[in-house]
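*Asks:* In case you want the letters, here they are:
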Amino acid sequence: MRLTRRKEDERGIALLLTILGIVVIGALMSGFFMSAMLENRAGQNSRRVEQAFAAAEFGVTETIASWNVGTWNALTPNQTDSIGGTSPNGSGTYTGQVRRLNNEMFLVDVTGQSAVGQARQRIGAFVKLRSLLFDISAVLTTRGPSTFSGNAALDGTDRVPAAWPGCPPLEGTKSGIRIPDANDLDFKGGCAGAACVTGSPKVDEDASLGDDTFFDYGDGDWATLVSLATKRLPGGNYQNIGPVLDGGGGCAINQQKNWGDPLNPAAACGSFLPVVYINGDASLNTGAGQGLLLVDGDLSVQGGFEFYGIVVVRGSLKAAGNGNKFNGGVLAANVQLNDNSLIGTVDLAFSSCAVARAQQAGAAGSPLRSRGWTQLF
Amino acid sequence: MHTLNRRGFTLIELLVVMGLLAVILSAVYQSIGSTQRLTGTQVQRLHVQQNTRAAALYLSYALRELDASDGDLRSASATSVRVRSMRWAGVLCTDPQATVGGVGFMLRDSLIFGVRAPNSTLDSILLFRDGDPTSRLDDRWLVGGLQSVANGNCPDGAPGTVIITSISAASGGADSALVGITAGSPMRGFQLEEISLWDDAGERWLARRSADRGGTWTAMEKLVGPLTANGLQFAYFDSTGAAATSVDEVASVGLVVRGRSPEPAHLTSGGIGYVHDSVITRVTLRNNQGF
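Chains as they are written, first to last, in the working numbering: chain A, 1 to 377; chain B, 1001 to 1291.
Since the hints were made in silico from the structure, they are not lab data. Only a predicted model underlies this, so the values are computations on that prediction, with no experimental measurement involved. All residues carry an ideal CB built from backbone N, CA and C; glycine is no exception. Some hints could be false.
As the list claims (entries may be wrong) - Selected chain A positions facing chain B (in silico; Cβ < 8 Å):
no.	residue
1	Phe33
2	Met37
3	Asn40
4	Arg41
5	Asn103
6	Leu107
7	Phe126
8	Gly166
9	Ser370
10	Gln375
To be verified - FRET-style restraints, in silico, Cβ to Cβ:
no.	chain 1	residue 1	chain 2	residue 2	range
11	A	Gly43	B	Pro1155	49 to 55 Å
12	B	Thr1218	A	Gly117	20 to 26 Å
13	B	Gly1071	A	Ala27	56 to 62 Å
14	A	Gly43	B	Met1220	52 to 58 Å
15	B	Ala1235	A	Ala65	30 to 36 Å
16	A	Gly26	B	Val1023	53 to 59 Å
17	B	Val1023	A	Met37	44 to 50 Å
18	B	Asp1200	A	Asp81	48 to 54 Å
19	A	Leu17	B	Ala1201	45 to 51 Å
20	A	Ser66	B	Asp1200	49 to 55 Å
21	B	Ala1170	A	Asp221	39 to 45 Å
22	B	Asp1200	A	Leu133	56 to 62 Å
As the list claims (entries may be wrong) - Selected chain A positions facing chain B (in silico; Cβ < 10 Å):
no.	residue
23	Ala27
24	Ala42
25	Val49
26	Asn102
27	Glu104
28	Leu129
29	Lys188
30	Ala192
31	Ala195
32	Asn254
33	Lys257
34	Pro367
35	Arg371
36	Gly372
Here chain B stands alone, though its shape is the one from the complex (with noise of 0.2 Å):
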């Protein structure tokens, strides 16, 4: 009686079970795998969108405020653009007087707009002289270099920035910032920066580098990448759509950003490999001369 009782499974429906589960998790196995492998794709894909949406902003954001016609593009190759890249934009509160190591002012300190605070040993200058009030065509930028930067107060007691600044022989020295300049002019200061595609250990990358007042260079600087062995490439084009045939002519540049994955995935085309994405745009420079 109490064998009879006893309930179990036999050899086959063991056998059938296993088998059946077999089936089952190699099902859910394949479609966990699945997923992961979509997912990281999607990563991947999504790393190199972002990468290259980014390139492209940061490339219009140090383009397009150049005057090409005025020596911002200093050099201008299919991979690489050396600019004067705008740091910050002033106003003066005083009009300019000459004194030791150049000419001396005050800029409003609530009128300075830029990434960051005007900087004696890295930044030169551009000065806003206007010649005659009622002309626009004898208008000009003059260049030079920060000598020092301190406190103060504008004569309106509102907070200041003093800045004596050295004008360059080209813009016809010290005594060129002492007629046409006044307090309301305008001033900007820049560095020369150095945007390129960089290899580094055989990955290429959008890099920069920046030079101080005295010409030394930092080291490059990755800022996205990776992207492919043809990943930056520039195309530079004069005020009727043409190919510009020399840097001062150059009113807008085309950018081409290719971007590669970090990480290879599996690719939708089947196989493994780096997700590749791009971006096309042109950049018209917006502080060119005018008529």
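Isolated chain A, as found in the complex (with noise of 0.2 Å):
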């Protein structure tokens, strides 16, 4: 009884101050955290926004420094392929596409994204194809004995092929031959007398052409020019040499044989330009092709066969038989001085159009020069 009652006595406040304690300092406590964490989520979001924004531009960069000659120079206007990657630090990742505009150009779009949180940005790049520069200023450049008969024609004047769509103007007439030495030229049979050449000069006779001439591009040289080459083949004889289609009516890049569709550039490889290296003497029979051709050895035509582009041979130039056909233009270094000869119905002229795509076929990507740069949204 005494001790109900000692129990009904006892009054304090204690407990409510203790809760009143807990309640003022979890007040100041949440208040300080909730500035802290606002403060912090803020500057977490611009770090996350300059990350993803960081991952696109080495996309962008990335990209270009690294252009991918053999599948993005073989684009279509408006066809894409992706990209993908992740910045070094690991800090972001990016995706995108390069997209084909025309001939010459091309927009890198890339999406960057923070590695954590959901922070993109997107930007993009205008970006333009960096041909190598040939010295090409006769319809056939070379050197040492030249036996021309028959029905060759060598026209330096500039011409479109049939049906190039987006060709520059034209150029003025170049010459017919460019050789060191004019004596090392035999015309023959309907040649003779230099007949069967058109230019301005027909010949020039320039003793300053040196290996510089055929095997020095500019920004590379030949073993550049090799690195490009998006078809390697061994020296050999070849023949029907055209565009093949894949099952989905694309064009087969990958195909040996399939040097691009020179007389139908609408065609799916009409745009189609590839760098192809022979590595050997090569013997091309019938067919056609286009893009930059490169041969290690000496290089024959016979019985039909048409290149649009530029020719780079380091040996000797033989073509014989009928309808052999060059649009472009073609260096013929004749590194061993054995004779050239142009005997049948062979044409060589000059396409300022042909020699443009060529150079562009293995040229790398670079920003335009200025305001290639760009915010996409």
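Each chain sits in its own coordinate frame; assemble them with the hints.
*Replies:* Put into structure tokens, the structure is as follows:
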């Protein structure tokens, strides 16, 4: 009875004060942590946006620096290829695409994302192919003894290949033949007196012609050119060169004998201009191709083979039979100084458009000189 | 007996309790007050931090897409810049044709990127001209005005936008756009924009105004603020990092943004005043002409 009474008599506010204290301290702490948390989140957001932006810029730079000549230069206008990767420090990733816009230009469209969170930034770059420069001021540039007869024709008059779109304005007429010593030329039969040569001048005797003329291409040399080759073939005989389509009607660019479709520029392989490297003597018989043809030996054509673009032959050039045509420019280095011989019905015609396209075939991408960078939304 | 059973507090007990309660309540009041002051200060600090960050972000967006070497930076001072502010970029899907009023062509809608669609009242344009495809040295952007915009279709049937532009005499007029520009060429739309430190009734703000194609300027639009009296400072550097001596030499822009809280707050240093914070950064112009 006494114990119960003592309990009833107990009074105090300790519990109340404790609870109040906890509430006050809790409020203080929560206010502090909320502010700190908001500051932290704002900072994190800014950091992630910067990480996403850095990842996107890295993606654009990386894509251009490691330009995929074989795949991207073979895209047709408005066709795309996917790209993607990770920033070197892992702070972000990027995805996007390379889109061909026209013969010379591409759009690299990249979206960067921060490694943590969902911050995204999208930027792009307008890219132009940076061509290697070939010293082509005549339809045929060569050295050493050269024989022309039959119905051979060399024409330095600039022309646009039939139905080729988007060609630049025509240039002035080039020389027919450029050679260090005109005494090495031997015109026979229908070519007597250089009657089969058209140009301004017909023969450009240029004693300065040397290895640089044939093997120095501005930003690269022969080895550079070979390294850019998208088709590598051993020496040998090749027949029926021509376009090959895949099952979906697209251009099967990996087929060894598919060297594009110069006669049908609007077709699936019309804009495909490969860099073809033949390691040894080559004999080409029938068919057509375009782009850049590199022959590490002698080149012999016969029986109606047509090529549009630039041909660089380390050895000598021989043509016989009917219907052989070269549109663009031919550099026959003739390093062994064997006889070049153009006999039979063979046409060599200058085309600045075909030369430019061939130069682009082996070209890497480079941002526009001005205003290539763009924020995409 | 009844009187003996009465319980109660003596006066002294009451005074003691009231004294204790006063002390306790005073402590509680001070704690709550401190919490409120701290929270208020933090809110102001957050406000300033977010403002300065937003200002720096906006200025970076506005400046990094410029090509100062080709006239995108129109004028520059310590507290103001006037620039060609890019509104959109697009890609042609047809070759240009001479037409009434200038040069006409089509843009592919799927390749128009920007903060808004092309607008013939507001926009001037830059049109990429690729003279010699094998050379970068003769590449340039023609300057002109956007005369009209209409819906259309590209030759492949994709949705497009019909554009008619006038090319400035300084860029060679309409004839210059008919050579070296083909389907696939890029173009850009821009407005002149002025960004400056703006005094509005004694408060400074990061503000902007823009001009339509005819040269009529909008009223100043407050973007971020308030800032301090010296809350926006630009410094201009050339490609070597030295101070630029003309606007076309500018390769990067140094930025200082100093923010001020909208309301005074209890400062950690004591007393009541505005909270200040600042952001310092440098923006490299991405589109200056290369080699």
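*Asks:* Run every hint past the structure and note whether it holds.
*Replies:* Hint by hint, here is what the structure shows:
Annotation: interface hint on A:Phe33 violated; nearest CB of chain B at approximately 10 Å, more than 8 Å. Using the Cβ-Cβ criterion of 8 Å, the hint placing A:Met37 at the interface with chain B is not satisfied: the shortest such distance is roughly 11 Å. Proximity of A:Asn40 to chain B is violated relative to the hint, the smallest CB-CB distance being about 11 Å (cut-off 8 Å). For A:Arg41, the suggested interface contact is broken, since its CB lies about 10 Å from the closest CB of chain B, more than 8 Å.
Hint on A:Asn103 holds. Least Cβ distance to chain B is approximately 7 Å, under the 8 Å limit. Taking 8 Å as the C-beta contact cut-off toward chain B, the hint placing A:Leu107 at the interface holds, the least distance being around 7 Å. Using the Cβ-Cβ criterion of 8 Å, the hint placing A:Phe126 at the interface with chain B is satisfied: the shortest such distance is roughly 5 Å. Checking A:Gly166 against chain B by beta carbon gives a least distance of about 5 Å; that is within 8 Å, so the hint holds.
Taking 8 Å as the C-beta cut-off, the interface hint given for A:Ser370 holds, the closest approach to chain B being about 4 Å. The closest approach between the C-beta of A:Gln375 and any C-beta of chain B is roughly 6 Å, which is under the 8 Å cut-off, so the hint is satisfied. With their beta carbons about 50 Å apart, A:Gly43 and B:Pro1155 fall inside the hinted range of 49 to 55 Å. At roughly 36 Å, the beta carbons of B:Thr1218 and A:Gly117 sit outside the given window of 20 to 26 Å.
Taking 56 to 62 Å as the suggested C-beta distance range, the pair B:Gly1071 and A:Ala27 conforms, at roughly 58 Å. In this structure the supplied range 52 to 58 Å is violated for A:Gly43 paired with B:Met1220, their Cβ-Cβ distance being about 31 Å. Taken as a hint, the range 30 to 36 Å holds for the pair B:Ala1235 and A:Ala65, whose Cβ atoms sit roughly 31 Å apart. Taking 53 to 59 Å as the suggested C-beta distance range, the pair A:Gly26 and B:Val1023 does not conform, at roughly 21 Å.
Checked against the hint of 44 to 50 Å, the pair B:Val1023 and A:Met37 fails, with Cβ atoms roughly 34 Å apart. At roughly 51 Å, the beta carbons of B:Asp1200 and A:Asp81 sit within the given window of 48 to 54 Å. Evaluation of the 45 to 51 Å hint for A:Leu17 and B:Ala1201 yields a pass: the beta carbon distance comes to about 50 Å. For the pair A:Ser66 and B:Asp1200, the supplied restraint of 49 to 55 Å holds, since their beta-carbon distance comes to about 51 Å.
Take B:Ala1170 and A:Asp221: their Cβ atoms lie about 41 Å apart, and the range 39 to 45 Å holds. Take B:Asp1200 and A:Leu133: their Cβ atoms lie about 58 Å apart, and the range 56 to 62 Å holds. Checking A:Ala27 against chain B by beta carbon gives a least distance of about 5 Å; that is within 10 Å, so the hint holds. At its closest, the beta carbon of A:Ala42 sits 6 Å from a beta carbon of chain B; the interface hint therefore holds under the 10 Å criterion.
Contact between A:Val49 and chain B, as hinted, is supported at the beta carbon level, the nearest pair being about 8 Å apart and thus within 10 Å. The interface hint given for A:Asn102 holds, since its Cβ lies 3 Å from the closest Cβ of chain B, which is under the 10 Å cut-off. Nearest Cβ of chain B to the Cβ of A:Glu104: about 5 Å, under the 10 Å cut. The hint holds. Here the hint on A:Leu129 is kept, as its CB sits about 8 Å from the closest CB of chain B, short of 10 Å.
At about 36 Å, the closest approach between the beta carbon of A:Lys188 and any beta carbon in chain B exceeds 10 Å, and the interface hint on this residue is violated. The beta carbon of A:Ala192 comes no nearer than 37 Å to any beta carbon in chain B, farther than 10 Å, and the hint placing it at the interface is violated. Evaluation of the A:Ala195 hint against chain B yields a violated restraint, the C-beta minimum of about 33 Å exceeding 10 Å. For the restraint placing A:Asn254 at the interface with chain B, the shortest Cβ-Cβ distance is roughly 25 Å, beyond the 10 Å limit, so the hint is violated.
Interface hint status for A:Lys257: violated, as the beta-carbon distance to the closest one in chain B is roughly 28 Å, over 10 Å. With a cut of 10 Å, the hint placing A:Pro367 at the interface with chain B holds, because the nearest CB-to-CB distance is about 7 Å. Taken as an interface hint, A:Arg371 checks out: its beta carbon lies about 4 Å from the nearest beta carbon of chain B, inside 10 Å. Proximity of A:Gly372 to chain B holds as hinted, the smallest CB-CB distance being about 7 Å (cut-off 10 Å).
Comparing the model with each earlier hint shows violations of hints 1, 2, 3, 4, 12, 14, 16, 17, 29, 30, 31, 32 and 33; every other hint is respected.
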